[in-house]
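Asker: Residue strings, one per chain:
There are 2 protein chains.
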Amino acid sequence: MTTQIGILVVGNEILDGIVLDTNSHWIINQLKALNLHVKEKVTVRDEVPEIAKALRRLIADGCTLVFTTGGLGPTHDDKTLSGVAEAFGLPLELNEEALSIVTRQYRDLHERGVIETAEMTEARRKMAVLPKGAKPLDNRVGGAPGVLLDVEGAQIVCLPGVPGELMWIFDNQLLALLKQRVEGAFAEKIIYLPLRDESTLAPIIDEVMKDVPDVYIKSMVKPYGESGIRLWISARGNSQAKVEERVSRVANLLIQLCEEQLPNG
Amino acid sequence: MTTQIGILVVGNEILDGIVLDTNSHWIINQLKALNLHVKEKVTVRDEVPEIAKALRRLIADGCTLVFTTGGLGPTHDDKTLSGVAEAFGLPLELNEEALSIVTRQYRDLHERGVIETAEMTEARRKMAVLPKGAKPLDNRVGGAPGVLLDVEGAQIVCLPGVPGELMWIFDNQLLALLKQRVEGAFAEKIIYLPLRDESTLAPIIDEVMKDVPDVYIKSMVKPYGESGIRLWISARGNSQAKVEERVSRVANLLIQLCEEQLPNG
Numbered sequence: 001m002t003t004q005i006g007i008l009v010v011g012n013e014i015l016d017g018i019v020l021d022t023n024s025h026w027i028i029n030q031l032k033a034l035n036l037h038v039k040e041k042v043t044v045r046d047e048v049p050e051i052a053k054a055l056r057r058l059i060a061d062g063c064t065l066v067f068t069t070g071g072l073g074p075t076h077d078d079k080t081l082s083g084v085a086e087a088f089g090l091p092l093e094l095n096e097e098a099l100s101i102v103t104r105q106y107r108d109l110h111e112r113g114v115i116e117t118a119e120m121t122e123a124r125r126k127m128a129v130l131p132k133g134a135k136p137l138d139n140r141v142g143g144a145p146g147v148l149l150d151v152e153g154a155q156i157v158c159l160p161g162v163p164g165e166l167m168w169i170f171d172n173q174l175l176a177l178l179k180q181r182v183e184g185a186f187a188e189k190i191i192y193l194p195l196r197d198e199s200t201l202a203p204i205i206d207e208v209m210k211d212v213p214d215v216y217i218k219s220m221v222k223p224y225g226e227s228g229i230r231l232w233i234s235a236r237g238n239s240q241a242k243v244e245e246r247v248s249r250v251a252n253l254l255i256q257l258c259e260e261q262l263p264n265g
Numbered sequence: 001m002t003t004q005i006g007i008l009v010v011g012n013e014i015l016d017g018i019v020l021d022t023n024s025h026w027i028i029n030q031l032k033a034l035n036l037h038v039k040e041k042v043t044v045r046d047e048v049p050e051i052a053k054a055l056r057r058l059i060a061d062g063c064t065l066v067f068t069t070g071g072l073g074p075t076h077d078d079k080t081l082s083g084v085a086e087a088f089g090l091p092l093e094l095n096e097e098a099l100s101i102v103t104r105q106y107r108d109l110h111e112r113g114v115i116e117t118a119e120m121t122e123a124r125r126k127m128a129v130l131p132k133g134a135k136p137l138d139n140r141v142g143g144a145p146g147v148l149l150d151v152e153g154a155q156i157v158c159l160p161g162v163p164g165e166l167m168w169i170f171d172n173q174l175l176a177l178l179k180q181r182v183e184g185a186f187a188e189k190i191i192y193l194p195l196r197d198e199s200t201l202a203p204i205i206d207e208v209m210k211d212v213p214d215v216y217i218k219s220m221v222k223p224y225g226e227s228g229i230r231l232w233i234s235a236r237g238n239s240q241a242k243v244e245e246r247v248s249r250v251a252n253l254l255i256q257l258c259e260e261q262l263p264n265g
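Line order of the protein sequences matches chains V and L. Counting in the working numbering, the first sequence runs without a single skipped number right up to 265 at its last residue. Counting in the working numbering, the second sequence runs without a single skipped number right up to 265 at its last residue.
None of these hints come from the bench; they were simulated from the model. C-beta atoms are modelled at their ideal positions from N, C-alpha and C, and glycine is treated no differently. Any given hint could be a false lead.
Have a look at the derived ranges for each label pair, beta carbon to beta carbon [to be verified]:
id, chain 1, residue 1, chain 2, residue 2, range
1, L, Asp211, V, Ala118, 37 to 45 Å
2, L, Glu93, V, Pro213, 24 to 32 Å
3, L, Gly184, V, Ala241, 55 to 63 Å
4, L, Asp211, V, Asp138, 47 to 55 Å
5, L, Glu183, V, Ser248, 29 to 37 Å
6, V, Glu207, L, Glu93, 43 to 51 Å
7, V, Gln256, L, Gly184, 42 to 50 Å
8, V, Val182, L, Ser227, 31 to 39 Å
9, V, Pro213, L, Arg112, 36 to 44 Å
10, L, Met120, V, Glu152, 51 to 59 Å
11, L, Ser227, V, Asn252, 49 to 57 Å
12, V, Val129, L, Gln180, 41 to 49 Å
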């Protein structure tokens, strides 16, 4: 069965326009390289009930793998793990493995002269308090471990919002796990057509999609009124050779039809 | 009562990482300038049931103003209006005002020599088929009108996904309407602290938030492991002078406390 994937982005800074969310875009592209595709993305504020509700909905929608980004740090507004605990009725408790990761991180930073003290303060200890049953994911960039939780037939992966930390955990702690989920084949190609009118292209796309089934063609008009249209052609299936062949065939067909039928673009 | 705002981003190209969604970030910042704040953002694929479900949920969550972006064009994958119609049990029908906008756009483009024919094709006509009761919003950049629909006590605003078109419609067709909703006061300030450790800052933030209530302080560690922390301080209220005073006071207090308590950062 295909893995249904959801992403939950947590943070007032996103919904108040201080930060542009590039984390989910990065995750999506890493997953795509594994033939894994995201079904839905939700962005909520730093509020426990909002986080919990969004998680429950993603699971109810059939997501069996959910990534959260943001809200794992030491400050008052870092509430993602409380949201996860509330969503699944789990108590929060000190996780010894997480504590040893946090302890090592601050000891290392102290030894390198980056911070003044390696003392285990309340704020630092907070990052080792996880929902019961969760497993920490090592973080060698910052202080907050990632979190992996298997619950109700789904896997929840919580990643910090700081891009460098998120990327490190994803690449070093998750890739092997995600590779086990790789399934099917995916191919895509973007072509550029020197056209000015998407509406004239619409029936040509319909015709090609009828001729070559199981291919998705999306036309993307240039963002700011320039001329030219990009066509994104993608296909999923079981055989890599076959999806690649289909995508190539469609690309050539579209280029040919546009040259024939749209002489002056 | 505060306007609860939701954003629904529609498009496979976002969830497959071809396009980074900057539209919602842009909308959020325009709304912020009107003291309006977004509660939740959802991103779904180009599928009618997904669009309909997401809309119904945003309304059920209390959103009284929902912006959708993407999916208004002439091609097969433009399904937002079908999703809106399904969400609220409305029939889709040709809207004469929308048809006159679409007709004018293609006539103008043809007169300017941009496109080959001004003929009202099926693909072009599709953009004038709106949910019953909806009002088109003029679009002078591209072919697809925006759509405004008052339904179930909420207002749905559908904008195209092409940024230049979305921005034009927002600025020229919506601003006056949105200004009527402006309420309360909002102030914010971002300060930079030359610190390396967010965990040491956490109790200081807690202390300041206790001293100055109704101020939200969010610490943002630099994205890629550089040193330095940005603090985003924001406040909402009724008096602009008061929220600005609170934000300034907190900014000064934080800078002072950090200088006193964290001599070497």
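Asker: List, from low to high, the hint numbers that the structure doesn't satisfy.
Answerer: 1, 4, 5, 6, 7
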